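Q: Protein chains in written order, with my numbering: chain A, 1 to 665; chain B, 1001 to 1665.
Think of the hints as simulated: they come from the structure by calculation, not from any bench.
Bear in mind the structure is a predicted one, so any value in this text is a computation, not a measurement.
Where hints are given, some of them may not hold.
[To be verified] A partial selection of chain B residues facing chain A, derived with a Cβ cut-off under 10 Å:
hint: 1; residue: THR1074
hint: 2; residue: GLY1087
hint: 3; residue: ASP1090
hint: 4; residue: ASP1094
hint: 5; residue: PRO1100
hint: 6; residue: ASN1102
hint: 7; residue: THR1205
hint: 8; residue: SER1210
hint: 9; residue: LEU1217
hint: 10; residue: ASP1234
hint: 11; residue: PHE1235
hint: 12; residue: ALA1305
We put the beta carbon where it would ideally sit given N, CA and C, even for glycine.
Read off the chains here:
Protein chains: 2
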Amino acid sequence: MTTTATTLKGQPLDRQTLDAMLRRRLFFTPAFEIYGGVAGLFDYGPPGCALQANIVETWRKHFILEEDMLEIDTTVLTPHEVLKTSGHVDKFADWMCKDPKNGDILRADHFVEDVLEARLKGDKEARGQKVEEEDDPKKKKKRKTKAEAVKLEDAVVQEYEEILAKIDNYNGEELGELIKKYDLRNPNTGLQPSPPVAFNLMFQTAIGPSSNLPGYLRPETAQGQFLNFAKLLDFNMQQMPFASASIGKSYRNEISPRAGLLRVREFLMAEIEHFVDPEGGKKHVRFPEVNTVELTLLDRHTQLAGKTEVKKMTIGDAVSNKVVDNETLGYFLARIHLFLQKIGVDMTKVRFRQHMENEMAHYAADCWDAELLTSSGWIECVGCADRSAYDLSVHAKKTGAPLVVRERLDEPLIFEEWQVEIDKKKFGPQFKKDGKTVEAALEGTTQEQREKLAKQLTDNGELELEVAGVGSGTVKVSKDLVKIEFRKRVENTREFTPNVIEPSFGIGRILYSLIEHLYWNRATEDGAGDEARGVLSFPPTVAPTKVLIVPLSANKQFQPFVSKISQKLRKYGISARVDSSSATIGKRYSRNDELGTPLGITIDFQTVQDSTITLRDRDSTKQVRADEDTIIAAIQSLVTGAKEWKDVAAELPTFESQEVDVTVR
Amino acid sequence: MTTTATTLKGQPLDRQTLDAMLRRRLFFTPAFEIYGGVAGLFDYGPPGCALQANIVETWRKHFILEEDMLEIDTTVLTPHEVLKTSGHVDKFADWMCKDPKNGDILRADHFVEDVLEARLKGDKEARGQKVEEEDDPKKKKKRKTKAEAVKLEDAVVQEYEEILAKIDNYNGEELGELIKKYDLRNPNTGLQPSPPVAFNLMFQTAIGPSSNLPGYLRPETAQGQFLNFAKLLDFNMQQMPFASASIGKSYRNEISPRAGLLRVREFLMAEIEHFVDPEGGKKHVRFPEVNTVELTLLDRHTQLAGKTEVKKMTIGDAVSNKVVDNETLGYFLARIHLFLQKIGVDMTKVRFRQHMENEMAHYAADCWDAELLTSSGWIECVGCADRSAYDLSVHAKKTGAPLVVRERLDEPLIFEEWQVEIDKKKFGPQFKKDGKTVEAALEGTTQEQREKLAKQLTDNGELELEVAGVGSGTVKVSKDLVKIEFRKRVENTREFTPNVIEPSFGIGRILYSLIEHLYWNRATEDGAGDEARGVLSFPPTVAPTKVLIVPLSANKQFQPFVSKISQKLRKYGISARVDSSSATIGKRYSRNDELGTPLGITIDFQTVQDSTITLRDRDSTKQVRADEDTIIAAIQSLVTGAKEWKDVAAELPTFESQEVDVTVR
């Protein structure tokens, strides 16, 4: 397992060079930059936008189409009451400290992390150990606190390391205690910040002209799916299990956005809510299909011990050993693994990390994050939680809507029991304001109590019941007001609230991590010099543009071929770009290596003679030559993923160009 | 030209039946319904969501792919300063009145419209004329004011009608005058509402933890594109003209959302910004391709005369007659027409309405809306404006960013002129606080003045200049502080701010109008009774689900065929649904007619014998029969739009089923 950020070819990743390239090629750019920018907001330029669309499209096919999920599109604007019920108004917060002098606002966990890491680094320096930043890429992020070479006690070093291993596990009070205990100070002022307070991460607004309906921008797409559960079940003709899915923007007002696309305030999510019967162990009918998929797991016990060693295990074993809670959750972990593989993620840089108890919501049964290794450390890109019946239950309770499944029982269930029957018309006049209280007390009796009370009614024509707060604490109810009888009750249907397994994807984080995984530098690779010759080796299926069309020169004879080929590719829905600029062929190919364009067509004098064209593979720079239709058919099979370059290279004649080093010509 | 809302087959459209069907099939649904709902917010269920995705995908191919537009994805959150500069903070408002007694909030133009229409209706009743609501579908919306049978003067009727024809043309003050002049009263209280005040339609929020950065949810996707102009021009290798495009959500806090999807607070937009050189008449190189496309036009002169008669005209004629301002604008009007046609809009229910002078922003050169006729009247679904250089200019001025194009001139321009050269180092000490003022006065001199001043310098060694507000109003500047000489200046580049043509699509409005246009009722058509048998005749290219697969019965022999066919269709990315329910074949087809599924495959006992399957056309209910691969190839050609049903029906053998009336079996 790789532990440092590297390029696709295993060289150390030079983040600055990559960033400059992404900026130059307009993958993404700070939003409102000409106005000075706004932290945590980014725009996607044409290649980023196309890459995002292709990842989403692959996602849609891999999940929604493959499993007939019900895709819905719900609103971002959400009224207060919904998010109050879901718990977000009260609990969707980060811990924030304020500097008492200059008002600096610090995210408490980041602040603790930052200072402790600086001290550990200083300790290493003092001990004369080599400070290898790349040791743990988590430490590579921009640190505010400068390391000072001060040696620490061995025991303190161990304490710090244990704290850092479970930094996500502390609440605000605990973070406050750490700040005091270790005297952590804001590097800008040298002062301890204030104790952490909760800062709600939702953007607030008002809906309607009279400002009396407060609302928020949704922090996740899940709630809209839960609220439509009954309608979706109906649409699915009452069939269980089923899944809904949503792709859309969500919003979190981060205290300190950082690391480019990795912590932003507006982001695209793709979320699945798979509704499953909680009884019968949450089996999944397609689990056998993924049984042998091997995952890299970091379970909660390992983390609680302050360790980060991963285990490789098939999902079949993980579920049967109870490392992963149930089959449905396991099925989706494997499907997430396969999805990441499909879009080109470097699978040696993926781990599934289980949430620790304190990290999870109290109702969650289990939760795993797919984390991808980047130059900013291990980044949570996909969450996969078993949310149990929590959400449906709270919304049902709040609104009275029946967010349940009713299942016809093959054999009806028969109960024999003491039943209470109250004559409500007479009850009110008799007990006046206490009526409801007495009623509730009667309804709340146990089977044993009822048996006794029934006997009182038969024997005395009235019963005596203790009802706290009414009269003397004991009330008498006569037999004309209440009946208690032993009866049979038959249930033909079973009613249950489904549990929810929720795979939740941060598309922007996946997109950025994928870029890092697929980036490499041709110059470093072939030792041809120090010039920057970046390549993004996107698989043809997700690459922003599929084909670059380059006429050899500005010669007018080439133009008709360029037009004809562009038109044909367009007809097949294959995105292509023509570069007729005066730059050398090599320069033009380099530009498109940086854009991650996997294929290149050259039109040269031979084309004019015999209508053949060459097709170039970005990664190997190898070329084949054939007639137009053959080449276009090859392109089609490559961009749909039906074939790989090696298949095409084996089928079509190689074209040996003179361009040993294309960038020099 | 149709003027009333009808079904696809020309029958009167029964809005209630259609609404019930759309609700039943979960095309869309009020958001947060179990919480009582929020006006103007809707969720799209599975068929609505798929229909939306297919419309967007068609749009992307028709516009972005066809013309190599640069698609970008910019943020919804927008800081105050950007929208202050664009004019939205000050001007993006509707006029709102308040009832002095009960606090009712009324949108002023809707209120005036509502009361005047009620009076006109009352007049008709009083005159004993037939009140045909369908006369003008604009009047079919829910009216708050009840019509009372009161006869009006003929002149008054004419006044009212003229007001209604140009209701979009009034500002707040004018609407207030109409309310007073005609004594318009809120039907709920019988009182005149307060004078209209501007209500800004943007949703406001605060970005960041310290609440000191006010922001809004964008009301359009345009601004993000303008702000990225310089980067996009660079990405496009400085080539002009070019277009950017964005597909994303926008937000408007409507005072009174109404008419379902037609006036909502959160909506999907697709917007193009085509940047063009303002010189040379805004020609478009592909205009000849659309020259002969015939459009239905309602120009501004007709409307100002209080009329609504349309003219049919080719876009070629419209541009050469100056009905439409320029070729580029005309090109996009024609392309919009072709797009609407492609997705299946009934082109007899489309008109292009030109904005009146007061409707347009002051900077706009021309603006046309594509309006679609629905049961709520003519609905603006696409706007197409020439925004001139306004947006780029104001953002450039505010930020200093060079949002311009620099074009190398073939022949440099040479100017000979008097130039002023100031020695700023000496200027400050000499004039102190007045330095800048004197400098500005010198820079501001005309060529004639400079010639005279140069002579003064030569003759007297100093010049005398009137500078208001400095000393006595006249200052002397000696020749060691300033030079004025006659020199040559050469310009090799031309710099200009591009103009912007902006086609802007409201996807939700298009989607809803399309549904109305393609809806009809099979029962009404074939006279087979009064049962509701709704059909949505979506073209296969945009239909939410392409194929319904129905096994004849629950017989287990059919199952392998169902699985195999589903899998094959999935492989080709064709969305299909299996209905193995116990309902009759006819009922199952009816359900899918309502969902607009164009094709149906039946698996029956013959399939088990010879592996042939039948393919049914939704609209004609005709069927063909062939082997699996032939049928799947036919489906592929239908869903890509390469063939129509009549082609397939001509090629494959007809299957004469017994199902004369499938719903009865």
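Q: None of the hints should be skipped; say for each whether it holds.
A: The hints, checked one at a time:
no.	hint	in the structure
1	THR1074	4 Å, holds
2	GLY1087	15 Å, violated
3	ASP1090	17 Å, violated
4	ASP1094	9 Å, holds
5	PRO1100	15 Å, violated
6	ASN1102	12 Å, violated
7	THR1205	5 Å, holds
8	SER1210	6 Å, holds
9	LEU1217	7 Å, holds
10	ASP1234	8 Å, holds
11	PHE1235	5 Å, holds
12	ALA1305	34 Å, violated
Figure legend: structure checked against the earlier numbered hints; hints not met, in rising order: 2, 3, 5, 6 and 12.
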